[in-house]
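Here's the letter readout for the chains.
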Amino acid sequence: MNTRRILKLAVRVMQQVLRDRRTVALIVFAPLTVLSLGAVLFRSKPVVVSLGVVNEDLGISSPVAGSINLGGRIVDEIAAGDSFRLVPLNRSEVEARLRDGTVKAVLVFPEDFTASFLKNRQVALDLRLEGSEPTRSISITAYVTQAAMKTLAGLAGTGLGTLGSAPAAQGESVLPVSVQATYLYGGEQFDTMDYIAPVYIALLGVFFVFLLACIAFLRERSQGTMERLAATPASRFEIVLGYMLGLGLFGLIQVTLILFFTVWVIGIHYNGSLALILLIVAIMAVVGVNLGILASAFARTEFQVLQFIPLVLFPQVLLGGTFWPVADMPTYLQPFAYAMPIYYANVALRDVMLKGWGLAEIWPNLAILVGIGVVLVILSALMMRREVA
Amino acid sequence: MISELVLETTELQKHFGKIHAVDGVDLSIGSGEIYGLIGPNGSGKTTLIRLCLGLLHPTTGAIRLLGLNIPNKAILAKVGYMTQASALYEELTLRENVAFFAEMCGSHEPAWIDEAIALVDLQDRAHSFVRTLSGGMRQRTSLACALAHRPRLLLLDEPTVGVDPQLRATFWSYFRRLANSGVTLIVSSHVMDEAERCDRLGFMRQGRLLAEGSSAELRQRKGANTLEEAFLKFAEDGNEGGQR
Chain A
579 MNTRRILKLA VRVMQQVLRD RRTVALIVFA PLTVLSLGAV LFRSKPVVVS LGVVNEDLGI
639 SSPVAGSINL GGRIVDEIAA GDSFRLVPLN RSEVEARLRD GTVKAVLVFP EDFTASFLKN
699 RQVALDLRLE GSEPTRSISI TAYVTQAAMK TLAGLAGTGL GTLGSAPAAQ GESVLPVSVQ
759 ATYLYGGEQF DTMDYIAPVY IALLGVFFVF LLACIAFLRE RSQGTMERLA ATPASRFEIV
819 LGYMLGLGLF GLIQVTLILF FTVWVIGIHY NGSLALILLI VAIMAVVGVN LGILASAFAR
879 TEFQVLQFIP LVLFPQVLLG GTFWPVADMP TYLQPFAYAM PIYYANVALR DVMLKGWGLA
939 EIWPNLAILV GIGVVLVILS ALMMRREVA
Chain B
57 MISELVLETT ELQKHFGKIH AVDGVDLSIG SGEIYGLIGP NGSGKTTLIR LCLGLLHPTT
117 GAIRLLGLNI PNKAILAKVG YMTQASALYE ELTLRENVAF FAEMCGSHEP AWIDEAIALV
177 DLQDRAHSFV RTLSGGMRQR TSLACALAHR PRLLLLDEPT VGVDPQLRAT FWSYFRRLAN
237 SGVTLIVSSH VMDEAERCDR LGFMRQGRLL AEGSSAELRQ RKGANTLEEA FLKFAEDGNE
297 GGQR
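If you're matching them up, the sequences are chains A and B in order. With positions in the first sequence counted from 1, the corresponding number in the numbering used here is that position plus 578. With positions in the second sequence counted from 1, the corresponding number in the numbering used here is that position plus 56.
Think of the hints as simulated: they come from the structure by calculation, not from any bench.
Residues from chain A shown here face chain B by an in silico Cβ test under 10 Å; the list is partial: (1) 801; (2) 811; (3) 812.
Since this is a predicted model, take the numbers as computed values, not measurements. All C-beta atoms, glycine included, are put in the ideal place defined by N, C-alpha and C.
Turn these sequences into a full structure, and let the hints guide you.
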């Protein structure tokens, strides 16, 4: 054992790392960026959710308490908190507003809301949920229930309050509030896995071909075959398209496998057409190949390719609406989400898998994704101008 | 006299910043000849070859290859190129490599592929993976890759670098066979004994063509016994010219 030799070796290793400025930058900045992004996203205040309200409650005029509109009181209670932005709606608008996403849920009070409460001693809430984001559905249900409970507690001083608490006094432990939740998409059986699964598919599809393309292209350069290829009549578009086809096929096979596994083995719910899901994923594979080709221009070794994982892929995962709905992210981060190709795949895949939407509804996101694909193909080809004339 | 011009460069210059890698080269090379680009490392041989293929754009000057102006992607189907280090796909077999480059050049003749492999005497290893081949075999495979589309012009950049003397002799017998069948070869080298085997030589130094001619002519002009001596004398003239 020669300590001097070991030290010399250690110094040389350190020199090599230090010479590679990007590695140094990554060692310092990558974990900090990922951490702070995570912190911002995890700690971000829940955004104000738009809640539609259809209040047709006629209320009652009690000789004891005077005129009382229970529906209105519950609405006031919800409005007192800052979690919801209330949108008064007509019954006829409910479905359309849920579909276009301008409200996340609608609370409906029928004409006889107060009256039936007096009769049944029960507040039966009619809650219509959009349902494609299971965690949000749960929190809305919980909040609305809580607001109704508080309203009842507030009625304690009035004649209505006594009436309300009457069943409990008789020893029945019936909760005075029940929620009749109906879902536009999915339902109570939808869980967080259903929400995340479509994204898994998009992410894995893009990740695999990205690495494959990046390393394959890098090798092409380092082993000199790119130079040889450049000296043949093959144009750079032909080369990019060839790569896209070859690796895209692998990506598609892999994603098909993931898709079938998630649907049949993990048992996630999906409503839309399988062909459409595959189409989205195929476009995503094209995006992945070309991102890989582009990234390979900035890497000299396969180790540097690995460094692209935090640089290129983590932001996609964190910002692309994978775990957090983009609408819930801080406003200054939202523009970045729209810059992530995976965001559009996420939205399109969720629309198809959770909402059962067809091509007619998802085409705008699909078109953007295709656009990104085309731009990336052109950029990859341009990037190769250095080596292939 | 030259019957048909295969490659012609006029006033060719390529600058990389302050470095003049190719500094005014005029070449005319006819068909069926073996032309040796002879010069030390860094004299501009590789840059010149890459310019001729259209892989680099000249700063000034023009190149005509088989009668067409370069850059021209289509004409590359009639050109074979061998890089200094063997450029092969490790994961493919020898034959798959040769077939790939032939296809890229628009040739779909399986017979030509076998013929190219036979020329470099590697028939029995045709289905071996490249990663299992020795250095010399890789070099020969690289040559086969440059041949299988039956090019009219071969640009070989230091094809015999790192090749043992016996294999080097074999390579030159391949080259002569190809030249006899009408293929034009441009071979770069910094080894003088290889230069002797060329029909015509161009001495290159610092991006300039010092002198051109057959080996005998060049020696005679400087009254030198060896080509090496002749090269050094031409280089001295070049220096004086530079100081003037």
